[in-house]
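Peer 1: Assemble the complex: chain X is given as a structure, and chain V must be docked to it using the hints.
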Amino acid sequence: MSKEWPLWEVFIRSQHGLAHKHVGSLHAPDAEMAVNNARDVYTRRNEGVSIWVVRAADIVASSPADKASLFEPANSKVYRHPTFFPMPEEVKNL
Amino acid sequence: MYAQMVETGLNKVRTEQDMSAEEGAFQARIDAGIKIEPKDWMPEAYRKTLIRQISQHAHSEIVGQLPEGNWVTRAPTLQRKSVLLAKIQDEAGHGLYLYSAAETLGVSRDELLAALHAGKAKYSSIFNYPTLSWADMGAIGWLVDGSAIINQIPLCRCSYGPYARAMVRVCKEESFHARQGYDIMMALAKGTPEQKAMAQDALNRWWWPSLMMFGPSDAESVNSAQSSAWRIKLFSNDELRQRMVDQTVPQAEYLGLTVPDPDLKWNAERGSYDFGAIDWAEFYDVLKGNGPCNRERLRTRVKAWDDGEWFRDALVAHADKQAAKKVAA
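Chains as they are written, first to last, in the numbering used here: chain X, 1 to 94; chain V, 1 to 329.
Any given hint could turn out to be false.
Stated by the list, open to error - Straight line, CA to CA, 27 Å or less: simulated DSSO-like cross-link-like pairs of lysine-lysine:
{"id": "1", "chain 1": "V", "residue 1": "K35", "chain 2": "V", "residue 2": "K48"}
{"id": "2", "chain 1": "V", "residue 1": "K303", "chain 2": "V", "residue 2": "K120"}
{"id": "3", "chain 1": "V", "residue 1": "K39", "chain 2": "X", "residue 2": "K3"}
{"id": "4", "chain 1": "V", "residue 1": "K196", "chain 2": "V", "residue 2": "K122"}
{"id": "5", "chain 1": "V", "residue 1": "K35", "chain 2": "X", "residue 2": "K21"}
{"id": "6", "chain 1": "V", "residue 1": "K172", "chain 2": "V", "residue 2": "K81"}
{"id": "7", "chain 1": "V", "residue 1": "K120", "chain 2": "V", "residue 2": "K12"}
{"id": "8", "chain 1": "V", "residue 1": "K265", "chain 2": "V", "residue 2": "K325"}
{"id": "9", "chain 1": "X", "residue 1": "K21", "chain 2": "V", "residue 2": "K172"}
{"id": "10", "chain 1": "V", "residue 1": "K303", "chain 2": "V", "residue 2": "K288"}
{"id": "11", "chain 1": "V", "residue 1": "K196", "chain 2": "V", "residue 2": "K35"}
{"id": "12", "chain 1": "V", "residue 1": "K196", "chain 2": "X", "residue 2": "K3"}
{"id": "13", "chain 1": "V", "residue 1": "K35", "chain 2": "X", "residue 2": "K3"}
{"id": "14", "chain 1": "V", "residue 1": "K48", "chain 2": "V", "residue 2": "K12"}
{"id": "15", "chain 1": "V", "residue 1": "K120", "chain 2": "X", "residue 2": "K3"}
{"id": "16", "chain 1": "V", "residue 1": "K122", "chain 2": "V", "residue 2": "K303"}
{"id": "17", "chain 1": "X", "residue 1": "K3", "chain 2": "V", "residue 2": "K303"}
{"id": "18", "chain 1": "V", "residue 1": "K12", "chain 2": "V", "residue 2": "K122"}
{"id": "19", "chain 1": "X", "residue 1": "K67", "chain 2": "V", "residue 2": "K325"}
{"id": "20", "chain 1": "V", "residue 1": "K288", "chain 2": "V", "residue 2": "K122"}
{"id": "21", "chain 1": "X", "residue 1": "K67", "chain 2": "X", "residue 2": "K77"}
{"id": "22", "chain 1": "V", "residue 1": "K288", "chain 2": "V", "residue 2": "K120"}
{"id": "23", "chain 1": "V", "residue 1": "K39", "chain 2": "X", "residue 2": "K67"}
{"id": "24", "chain 1": "V", "residue 1": "K265", "chain 2": "V", "residue 2": "K190"}
{"id": "25", "chain 1": "X", "residue 1": "K3", "chain 2": "V", "residue 2": "K122"}
{"id": "26", "chain 1": "V", "residue 1": "K321", "chain 2": "X", "residue 2": "K3"}
{"id": "27", "chain 1": "X", "residue 1": "K21", "chain 2": "V", "residue 2": "K190"}
{"id": "28", "chain 1": "V", "residue 1": "K196", "chain 2": "V", "residue 2": "K81"}
{"id": "29", "chain 1": "V", "residue 1": "K12", "chain 2": "V", "residue 2": "K35"}
{"id": "30", "chain 1": "V", "residue 1": "K48", "chain 2": "X", "residue 2": "K3"}
{"id": "31", "chain 1": "V", "residue 1": "K48", "chain 2": "V", "residue 2": "K288"}
What the hints assert, rightly or not - So the derived label-pair ranges between C-beta atoms look like this:
{"id": "32", "chain 1": "V", "residue 1": "M186", "chain 2": "X", "residue 2": "E72", "range": "55 to 63 Å"}
{"id": "33", "chain 1": "V", "residue 1": "K325", "chain 2": "X", "residue 2": "N75", "range": "47 to 55 Å"}
{"id": "34", "chain 1": "X", "residue 1": "F84", "chain 2": "V", "residue 2": "D238", "range": "31 to 39 Å"}
{"id": "35", "chain 1": "V", "residue 1": "A25", "chain 2": "X", "residue 2": "P86", "range": "18 to 26 Å"}
{"id": "36", "chain 1": "X", "residue 1": "D58", "chain 2": "V", "residue 2": "D238", "range": "43 to 51 Å"}
{"id": "37", "chain 1": "X", "residue 1": "E32", "chain 2": "V", "residue 2": "D110", "range": "27 to 35 Å"}
{"id": "38", "chain 1": "V", "residue 1": "F311", "chain 2": "X", "residue 2": "H20", "range": "25 to 33 Å"}
{"id": "39", "chain 1": "V", "residue 1": "P76", "chain 2": "X", "residue 2": "R39", "range": "24 to 32 Å"}
{"id": "40", "chain 1": "V", "residue 1": "A25", "chain 2": "X", "residue 2": "D58", "range": "27 to 35 Å"}
By construction, these hints were calculated from the structure, which means they are not laboratory data. Every value quoted in this text rests on a predicted model; they were computed, and no experiment measured them. The C-beta atom is built at its ideal place from N, Cα and C for all residues, glycine as well.
Next up, chain X with everything else stripped away, as it sits in the complex (with noise of 0.2 Å):
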């Protein structure tokens, strides 16, 4: 009875881009193998300058029941924006 493999995400950074991009899974029975099959499989088109892949049993992600309570803080500080300051025309360089 064979071992399934483990599931890894894939994140992948292209050419212009600053941060990387989730863009699937794959199972794979090792890192190198992740690597090799996420080249394989998602830069077909030339999408990317690097790949990361992570086990998705070490990805931690925030639950969305708690989405509400989570992002709370952040709705009453629109001041946080620039926009929220209206500066004078005649004023430059604010």
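Peer 2: Chain V only, in chain X's frame:
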């Protein structure tokens, strides 16, 4: 369509009265166009329907490599061979995206493959037909992938997040498939009389099975009505099939080929083509396992899986050995 006639396990569409508070809230999110994600509560029937549909779709991609695999060693030029290989590689990728989406619903890859290999899981009827000439590579890309695109674009907006996102990725790649098929048809149709005859013969054999891909008329189907309520299915089988005919007939005319339907006729009132009756007996027979290639397709899949077992086991043994070395070091 790649998932033809998916069972929901229900014999009538769920109404407000049938639903618990939880299910009511779930349905309200669907109605509001909010995506359902893997960790969200969902009715068991929704989960099971999606597992069936997405896995059938995934199986179709993997089995779908086989008809085209038949002509890789006999492509007319190295360029055509490279392009065909690239398309087949894409199908493997599509299978992966779809298996990954199905697995988020709590089923393992091994379970899904075991169901396919045991003949318990379905895949699209179209892949049970043989590829008899190089022109079939053109007809398949043009008509079969063309039909797939028509089915898959609405699925990009379906209610289940992972499935919708997989479809977005698939659709980006699918247009190349349709174009490479039509490119082959153009080369043949504009070639020698023998080449044009080969192209016409392929169109003759693939036209009706492609129309059957969309499944029988589902105006009376409870399964289709429930899938629509769950926003898994956004258009009826007949609507999608009509779209395919209306798009494809002008493409055939450009090639100077004849669609093998004596009843095909432009209907100015409807703004659509009227077309002839489909032989649904053939469709049901193919689904039952009596198509030209059903047994061969399954045999090939099972052999590939069985023959590859030593390699999969070796990869695990290597990984375990390396991990043990690391711990010891």
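Peer 1: Each of the hints needs a verdict: does it hold here or not?
Peer 2: Outcome of the hint check:
1. V:K35 to V:K48: The hint holds at about 17 Å.
2. V:K303 to V:K120: holds (17 Å)
3. V:K39 to X:K3: Holds, because 26 Å separates the two Cα atoms, which is no more than 27 Å.
4. V:K196 to V:K122: violated (35 Å)
5. V:K35 to X:K21: holds (20 Å)
6. V:K172 to V:K81: holds (22 Å)
7. V:K120 to V:K12: Holds, because 25 Å separates the two Cα atoms, which is no more than 27 Å.
8. V:K265 to V:K325: At roughly 71 Å apart (the allowed maximum being 27 Å), K325 of chain V and K265 of chain V break the hint.
9. X:K21 to V:K172: holds (17 Å)
10. V:K303 to V:K288: holds (21 Å)
11. V:K196 to V:K35: Violated, at roughly 48 Å.
12. V:K196 to X:K3: violated (51 Å)
13. V:K35 to X:K3: violated (33 Å)
14. V:K48 to V:K12: holds (16 Å)
15. V:K120 to X:K3: The given pair, whose Cα atoms are some 23 Å apart, holds under the 27 Å limit.
16. V:K122 to V:K303: holds (18 Å)
17. X:K3 to V:K303: holds (19 Å)
18. V:K12 to V:K122: holds (23 Å)
19. X:K67 to V:K325: Violated. K67 of chain X to K325 of chain V sits at ~42 Å, over the 27 Å cutoff.
20. V:K288 to V:K122: holds (10 Å)
21. X:K67 to X:K77: holds (17 Å)
22. V:K288 to V:K120: holds (11 Å)
23. V:K39 to X:K67: Holds. K39 of chain V to K67 of chain X sits at ~13 Å (cutoff 27 Å).
24. V:K265 to V:K190: At roughly 25 Å apart (the allowed maximum being 27 Å), K190 of chain V and K265 of chain V satisfy the hint.
25. X:K3 to V:K122: Judged against 27 Å, a Cα distance of about 25 Å means the pair holds.
26. V:K321 to X:K3: At roughly 14 Å apart (the allowed maximum being 27 Å), K3 of chain X and K321 of chain V satisfy the hint.
27. X:K21 to V:K190: With a Cα-Cα distance of about 45 Å, the restraint between K21 of chain X and K190 of chain V is violated, given a limit of 27 Å.
28. V:K196 to V:K81: Between K196 of chain V and K81 of chain V the Cα gap is close to 20 Å, so the pair holds against 27 Å.
29. V:K12 to V:K35: Holds. K12 of chain V to K35 of chain V sits at ~24 Å (cutoff 27 Å).
30. V:K48 to X:K3: holds (25 Å)
31. V:K48 to V:K288: holds (22 Å)
32. V:M186 to X:E72: 55 to 63 Å: Roughly 59 Å apart at Cβ, these two residues keep to the hinted range, so it holds.
33. V:K325 to X:N75: 47 to 55 Å: holds (51 Å)
34. X:F84 to V:D238: 31 to 39 Å: Violated, at about 54 Å.
35. V:A25 to X:P86: 18 to 26 Å: Given about 41 Å between the Cβ atoms, the range is violated.
36. X:D58 to V:D238: 43 to 51 Å: holds (48 Å)
37. X:E32 to V:D110: 27 to 35 Å: violated (22 Å)
38. V:F311 to X:H20: 25 to 33 Å: holds (30 Å)
39. V:P76 to X:R39: 24 to 32 Å: Once the Cβ atoms are compared, 30 Å apart, the range 24 to 32 Å for R39 of chain X and P76 of chain V holds.
40. V:A25 to X:D58: 27 to 35 Å: At 32 Å between Cβs, range holds.
The earlier numbered hints that this structure contradicts are 4, 8, 11, 12, 13, 19, 27, 34, 35, 37.
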